[in-house]
Amino acid sequence: MSTDTEKLLWMYTNMLKIRRFEEKVGEFFAAGKIPGFVHLYIGEEAVATGVCAHLRKDDYITSTHRGHGHLISKGGDLKLMMAELFGKRTGYCKGKGGSMHIADVDLGILGANGIVGGGPPIATGAALAAKYRGTDGVAVCFLGDGASNQGTFHEGVNLASIWKLPAIFVVENNMYGISLPQTRSMRVQDIADRAAAYDIPGFVVDGNDVIAVYEAAGEAIQRARAGEGPALIECKTYRYRGHFEGDPMVYRTREEEEMWRAKDPISRFETKLMEMGVLNEAQAREINERILAQVEEAVRFAEESPWPAPEEVLEDVYTV
Amino acid sequence: MSTDTEKLLWMYTNMLKIRRFEEKVGEFFAAGKIPGFVHLYIGEEAVATGVCAHLRKDDYITSTHRGHGHLISKGGDLKLMMAELFGKRTGYCKGKGGSMHIADVDLGILGANGIVGGGPPIATGAALAAKYRGTDGVAVCFLGDGASNQGTFHEGVNLASIWKLPAIFVVENNMYGISLPQTRSMRVQDIADRAAAYDIPGFVVDGNDVIAVYEAAGEAIQRARAGEGPALIECKTYRYRGHFEGDPMVYRTREEEEMWRAKDPISRFETKLMEMGVLNEAQAREINERILAQVEEAVRFAEESPWPAPEEVLEDVYTV
Amino acid sequence: MRTLTFAQALNEALKQEMRRDPTIYVAGEDVGVYGGIFGVTAGLLQEFGEDRVRDTPITESAIIGSAVGAAAAGLRPVVELMFIDFIGVALDQLYNQAAKMKYMFGGKARLPIVMRTTCGAGMCAAAQHSQSLEAWMMHIPGLKVVVPSTPYDAKGLLITAIRDDNPVVFIEHKMLYGIEGEVPEEPYTIPFGQADVKREGTDVTVVATMAMAHKALTAAEELAKDGISVEVVDPRTLTPLDVETIVNSVKKTHRLVVVHEAVKHGGAGGEIVASVVEEALDYLDAPPKRVAAPFTPVPFSPVLEQVFIPSVEKIVAAVKEVVT
Amino acid sequence: MRTLTFAQALNEALKQEMRRDPTIYVAGEDVGVYGGIFGVTAGLLQEFGEDRVRDTPITESAIIGSAVGAAAAGLRPVVELMFIDFIGVALDQLYNQAAKMKYMFGGKARLPIVMRTTCGAGMCAAAQHSQSLEAWMMHIPGLKVVVPSTPYDAKGLLITAIRDDNPVVFIEHKMLYGIEGEVPEEPYTIPFGQADVKREGTDVTVVATMAMAHKALTAAEELAKDGISVEVVDPRTLTPLDVETIVNSVKKTHRLVVVHEAVKHGGAGGEIVASVVEEALDYLDAPPKRVAAPFTPVPFSPVLEQVFIPSVEKIVAAVKEVVT
Ligand SMILES: Cc1ncc(C[n+]2csc(CCOP(=O)(O)OP(=O)(O)O)c2C)c(N)n1
Ligand SMILES: Cc1ncc(C[n+]2csc(CCOP(=O)(O)OP(=O)(O)O)c2C)c(N)n1
Ligand SMILES: [Mg+2]
Ligand SMILES: [Mg+2]
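Protein chains in written order, with this note's numbering: chain A, 57 to 376; chain B, 57 to 376; chain C, 312 to 635; chain D, 312 to 635.
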């Protein structure tokens, strides 16, 4: 593994950041401070982290309803995110979007998305823009196993394929679309097999191994930057929480959950880094504390921020 | 080849029927007697014929904008079809549908369709009904190469696959979707390769060889009747006419057209049948004349039929 | 009489109809094991089994499209579109296929499909999970559009919908699932195209559907204290629309306020106002008014969402304007 | 002045704008080699090349969706939806994505997208290729909706649309492509939200768009012979809608007829009538009337189609009813 220490530590830190941020979000949702639908990414942190480790500010991503991890990995600001989740005017969307619509176009984040399958065509368009302008920028589309059954997936990937666009489709196969197991939503075992329908490369990786994700994503993104067109990366992973906060989870077993927790992407990577001598206990503690402080700061910012003024409901519909 | 003589002659007759019927339609369109959009199937007759040769009255088909061949092959009445094309009240749809919407639900024909990709989900539903009722009926969905890029194709096939429905998707790859060559609408060479994305069998056949179509369809339909689920059959073929009548055809060469005419499905089959001793010149002439008479009768029926009454515009919206 | 929640009333209607008619099946995302994201299909899988209660992938075009094919082939699908906001990925199968087939085929098709779906704001579910899109549904010849407001109406109208031989869009406002009301145990039907006068009054007619019917009733209570007598008319179905009952009410009250949660521009309120003035212009003593959402997407923040949703206060204010 | 057809005027607008701004690209089915099924994009591929004039597969969700991504990333897509009837397979990308992004993102997005499309009956193209669905488009906050009736308006409004930083749905009635009219050679813009009084009159205001504007003008000619003076107002854009010009006209004429080709129930006419009566009830000397299609899919047969499409005679009859 040739990845340098800085990158390794960034990945470790980033995964922890997602985990701690979302744990806090879960708490505040339970406490009734965060309204609406909240879909947590806990357990899947290696995917967004390993992919976004390759991205530049001028690259694009499209995200999903389960978007916090993508946003954080692409550089999203925790304070602005938390304030948005609270519905405050200082949030990313001035309180208009909430968890499912956080975006930061300046960072190339074209939005979380409440429509399953909304992303693939949009990412294809962002990739088109990068190619049109003659840059080597790429667009990454995150989507779920469930979303890969949506027609828009087929259309977005096909268009990216025939136009040889620098678009990378990252399927986060967490085994369920709400209550429906992947085995009941499609007959293929590996969603990566669907890449063949568009004559593009398909990769299957252990989505709980950030290095495996990093390496596959690296290859796909390098191809895309070199003008060789799109790729599909399937990352097998698992969400620890319910589909959304409040989900009774009648559709899966506690044994299955335990099995996946044993493959936790963060502790596995932590152990690995310690074995490699890249990280020690003290550093780990220090990083964790730094992150906790950032999360606390984000919460404070959110809590202290003002609500939007009622008349703001009318603003931001049109560009004038 | 074990197909019996009767079946062989039915296929020959059916292909000729489609050809002669549509030649007449082309004439009447040019003469301004048939209004609207008319998409002719001439050149592709072997596909509908070879597939429908296996179908019973209680099987279903969904058709397309280029539907005359499917309808005739499933037993559609030439008189009712022609009257419909003329917009007469005696037509299949009382003049309300026209070429793109001819249907005969009693014959299991769930309609031509003006929406490219409209058929796959509908055929899936008809297959579901057959299975739900415990019959061994099947549903065949005809669609074009262009339609296989539509999201509804992906969704319809996937649903049929996971529910193991008796649905057969027959892709009529005539190399173009209006002006766009198949090579520019997808990167796969064989659309049948897309079957793998749903873990169902995919067949590639020479769509201008009615026996090849017949055999592949036989296998797929038998599987479906036996409860083994859907299949995808790609038939490589070519339309002789423009996309619709009136198309200037700026997008293809006369050489290409000539090449395909040399592989004409009807004359090839005629030669073969004669070689086999199943057909002779006299019989062929007799069949041809019988068909011409039927077509003439259909024209007469259409021409002599009354127009719908103006107030009929309001009827047939709702079942009461 | 026994009371049920709106969700329970719907659930009972589904169960009773499925027991009666084996050609009815239910399909949609999470309708089986999960029992429906709002619990409306709870217990169906257990009672009727996997053939009749079908969990689908996320594939709305195929959910609705397969219902079209199955219905044309003789079944009676009741499919769930989890949120009406998602209709954009599947609308073709509803309006170009289901709604038009009978007509396009010259009358020779029967499409007994019910598409149940949820609409409305109030849960901070934001712009893509809170819309009220009934006006789009109204504008589709061949469809019927049902917009119940009470548990009683919900059950009776759903049974009517299931027995109807036409495609029906059945819209359930998500903030109503928990409300309670009296519901008879036996199956019963409520005819489409019959508005219900939810409260009689003499000074002003307020036409309101779904969640807004309740707000209109609350407003009516408040206005009664000021001596203003409000008649609240709930159309219950938008196609067919019972213009007659509304017009008769206006002929009595001489004033009209129409309330809906959808944005005003291009909403169902325009149709209702226009239908009334075409028939009863001379009866109106004041310009009609519409109370509806502003022309914006639905905002997330509770503060903004509550400004977006037409409030009792806004209805009260509108009524006061038209009666003075 | 030089005359052009409606299609040529649109073609000229596209060419002039593409010359001005290299971030504009055109995409859609058969827009390149074929030049557009109605010829509107003819010659574009030859002048601007394959990068800027992109033939797409049959994939409307991806055509519109990729425009959303490309626009968010700084380009100015002008995409073609071959028939507005096909919007049902792709509507999500238009209303949940393009139209809402700016708002959902708290203002921080810019979506300069034009979706050109055709509507309308008259070619015997039947139920799935003849619809008028502008009312759906009106009901989407975040979109602008353009409905031109003349070559002059077509060019000016299309240039405005392309320069607008918001998603614009630009609807071209297919029976208008061949009509001719004077069109300046240089590029010019027509502001959105400004209705055009196509004919002045004093007895009745007829509001009509697209093909119906022409029928209204013909009806006005005929009615003039009977001494009835008709003012024809063409809103030109439905969002924003110039209620003021319409209301001012009604304040002068005291009578209103609204004409559109879409089916009446849930159509744009309801919005227009309601907007007028809310502001000018007391000015109306007769109930307003709507002339629109019956509540049916569009039939194929020329005989039936001509009954379906609102005719000059029906407009004349409606005007006579309101003036007597
Ligand atoms: C078009 C559409 N259909 C349905 C939904 C409801 N829904 C939200 S998330 C979800 C499951 C998504 O599954 P998957 O793509 O695997 O992502 P995951 O939640 O597992 O991350 C569903 C069905 C939606 N938001 N949009
Ligand atoms: C949803 C939709 N998009 C576009 C069209 C316009 N259209 C009609 S036929 C056609 C080409 C279809 O190509 P293919 O599926 O290969 O069938 P073919 O015409 O070659 O038989 C197109 C683009 C349509 N009718 N419906
Ligand atoms: Mg999943
Ligand atoms: Mg083709």
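Honestly, the hints are just simulated from the structure, not real lab data. Some hints could be false.
Some chain A residues well away from chain D (every beta-carbon gap over 12 Å; in silico) [said to hold, decoys possible]:
| no. | residue |
| --- | --- |
| 1 | G151 |
| 2 | D160 |
| 3 | A182 |
| 4 | A185 |
| 5 | D262 |
| 6 | T327 |
Just some of the chain A residues that point at chain D, by a computed CB distance under 7 Å [what the hints assert, rightly or not]:
| no. | residue |
| --- | --- |
| 7 | T146 |
| 8 | K150 |
| 9 | L163 |
| 10 | L215 |
| 11 | I267 |
No experiment lies behind these values; they were computed from the predicted model shown. Don't be surprised by glycine CBs; every beta carbon is placed ideally from N, CA and C.
Hint check:
Look at G151(A): its CB is around 8 Å from the nearest CB on chain D, not clear of 12 Å, so calling it non-interface is violated. Consistency note on D160(A): stated as away from chain D, yet its beta-carbon is not over 12 Å from all of that chain's, at 8 Å minimum. With a minimum CB-CB distance of about 4 Å to chain D, A182(A) fails to clear the 12 Å threshold, and the non-interface call is violated. In this structure A185(A) is not separated from chain D by more than 12 Å, as the shortest Cβ-Cβ distance comes to only about 4 Å.
For D262(A), the requirement that its beta carbon stay farther than 12 Å from each beta carbon of chain D is met, with the minimum near 29 Å. No beta-carbon of chain D comes within 12 Å of the beta-carbon of T327(A); the shortest separation is about 39 Å. Evaluation of the T146(A) hint against chain D yields a violated restraint, the C-beta minimum of about 10 Å exceeding 7 Å. The beta carbon of K150(A) comes within 4 Å of a beta carbon in chain D, closer than 7 Å, and the hint placing it at the interface holds.
Below 7 Å, beta-carbon pairs count as interface contacts, and L163(A) has none with chain D, the closest being about 11 Å; its hint is therefore violated. Of the supplied interface hints, the one on L215(A) holds, with its beta-carbon coming within about 4 Å of a beta-carbon of chain D, less than 7 Å. About 30 Å separates the beta-carbon of I267(A) from the nearest beta-carbon of chain D, more than 7 Å, and the hint is not met.
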